[in-house]
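Asker: Single-letter residue listing:
Number of protein chains: 2
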Amino acid sequence: MGTTKIDAPAGVPFIDISREFDAPRELLYRAYTEPELVKQWLGPRKYEMVIDRWEPRDGGTWRYVHRDDDGNAYGFHGVFHGPQSVDGMLQTFEFEGAPGHVSLDSLKFEEQDGRTVIRTHSVYQSLEARDAMVASGMGEGVNEGFIRLDDLIARLLAKEPAGVGSAT
Amino acid sequence: MGTTKIDAPAGVPFIDISREFDAPRELLYRAYTEPELVKQWLGPRKYEMVIDRWEPRDGGTWRYVHRDDDGNAYGFHGVFHGPQSVDGMLQTFEFEGAPGHVSLDSLKFEEQDGRTVIRTHSVYQSLEARDAMVASGMGEGVNEGFIRLDDLIARLLAKEPAGVGSAT
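Chains as they are written, first to last, in our numbering: chain A, 330 to 497; chain B, 330 to 497.
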């Protein structure tokens with residue numbers, strides 16, 4: 330199981346995250362682009378995950394809602410910039426609880442010897458918005474989501490060990 | 330005629346631009362969203378401006394090409410995030426001559442007494458990318474574009490003095 334590294338460097342409005350997974354990048358790309366897979370891992374376990382739309386293509390939009398047992402709902406949405414592929418993804422991100430604060434999030438899949446490091450680089454419109462995102466406890470949610478992603482790829486690899494990596 | 334202020338603050342990857350125009354914000358919003366108007370002002374005069382697409386709505390994409398007399402072509406593209414309105418616009422921006430470097434650009438129209446200040450705030454994925462944009466001479470192009478925008482709104486106001494501001 331990999332270790333999630335989250336870096337919020339002083340003085341610049343960035344958040345950088347890296348995490349290694351025991352899977353080829355094609356499988357991780359599927360987990361990030363197929364909504365039936367995305368809903369199985371993105372975010373903490375305690376939320377019900379409802380994906381309104383998930384269109385990983387230039388100009389495609391995405392939106393999902395996390396609901397907890399107390400009836401609270403947390404919506405998120407954004408758009409994809411440019412072609413999305415195993416070579417990288419790029420999207421905007423807005424938490425609907427803090428409307429008007431938008432980040433630009435890039436993602437890379439770096440595969441070596443069958444394992445893949447995911448690296449995200451998020452840029453915020455102000456240092457204050459970046460700091461608020463860090464203070465929101467996002468790190469815990471990201472880490473728990475990645476543990477769920479470990480489980481998802483293990484299930485997918487167990488189901489179709491020969492098929493993975495042949496599709497592009 | 331207004332003065333274009335361009336600020337690239339030290340240590341953070343931002344470019345902030347402000348410029349006052351002698352027009353209500355509804356007219357400026359039209360100049361930013363109607364492609365037949367956009368092509369009349371955006372960028373330096375020396376380029377032929379060809380707009381491939383200009384879709385100011387959530388998930389809409391935009392692309393244009395500047396061509397000079399020597400046959401050089403400079404393409405730019407991006408996507409719009411969220412609803413676009415006189416209350417603000419938000420889009421990604423990529424110069425195709427430096428692929429992979431994308432900024433997130435917000436725009437506000439601040440009207441007072443019939444005049445409108447346009448403020449843009451652009452965030453880059455690195456300080457180096459921001460500095461490269463400044464070094465590219467973008468300031469001169471921005472300023473010349475705004476002078477052309479002065480001319481455009483003067484033409485529009487002369488043509489339809491009573492109609493401006495009534496449409497939303």
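Read the hints as simulated data drawn from the structure, not as lab findings. Hints may be right or wrong, so weigh each one.
One copy or two, either will do: identical chains are not told apart, so a pair holds if it fits within one copy or between any two.
[As the list claims (entries may be wrong)] Taking lysine to aspartate or glutamate pairs in the DMTMM-like style, the calculated list, with each CA pair at most 25 Å apart, reads:
1. 375 / 355
2. 437 / 460
3. 375 / 489
4. 488 / 397
5. 375 / 457
6. 375 / 387
7. 488 / 345
8. 368 / 355
9. 368 / 442
10. 488 / 469
11. 488 / 381
12. 437 / 473
13. 334 / 399
14. 368 / 387
15. 334 / 387
16. 488 / 457
17. 334 / 480
18. 334 / 439
19. 437 / 399
20. 368 / 416
21. 334 / 457
22. 437 / 397
Asker: None of the hints should be skipped; say for each whether it holds.
Answerer: Status of the hints after comparison with the structure:
1. 375 / 355: neither (28 Å within a copy, 45 Å between copies)
2. 437 / 460: Result: close both inside a copy and across copies, 23 Å intra and 23 Å inter.
3. 375 / 489: neither (28 Å within a copy, 58 Å between copies)
4. 488 / 397: neither (30 Å within a copy, 56 Å between copies)
5. 375 / 457: neither (28 Å within a copy, 40 Å between copies)
6. 375 / 387: Neither way: residue 375 and residue 387 sit 32 Å apart in one copy and 30 Å across, limit 25 Å.
7. 488 / 345: Neither way: residue 488 and residue 345 sit 32 Å apart in one copy and 52 Å across, limit 25 Å.
8. 368 / 355: within (18 Å within a copy, 41 Å between copies)
9. 368 / 442: Neither way: residue 368 and residue 442 sit 28 Å apart in one copy and 50 Å across, limit 25 Å.
10. 488 / 469: Result: close neither inside a copy nor across copies, 29 Å intra and 58 Å inter.
11. 488 / 381: Close neither inside one copy (27 Å) nor across copies (45 Å); limit 25 Å.
12. 437 / 473: Within one copy only: 20 Å inside a chain, 37 Å across chains, cut-off 25 Å.
13. 334 / 399: neither (31 Å within a copy, 49 Å between copies)
14. 368 / 387: Answer is both; intra-copy 21 Å and inter-copy 23 Å each pass.
15. 334 / 387: This pair counts as neither: shortest intra-copy Cα distance 29 Å, inter-copy 32 Å.
16. 488 / 457: neither (45 Å within a copy, 45 Å between copies)
17. 334 / 480: Classified as within; 19 Å inside a copy, 52 Å across copies.
18. 334 / 439: Close inside one copy (15 Å), not across copies (41 Å); limit 25 Å.
19. 437 / 399: Classified as neither: same-chain Cα gap 36 Å, cross-chain 38 Å, threshold 25 Å.
20. 368 / 416: within (22 Å within a copy, 33 Å between copies)
21. 334 / 457: Intra 21 Å, inter 23 Å, cutoff 25 Å: intra and inter.
22. 437 / 397: So residue 437 and residue 397 fail the 25 Å test inside a copy (30 Å) and across (36 Å) alike.
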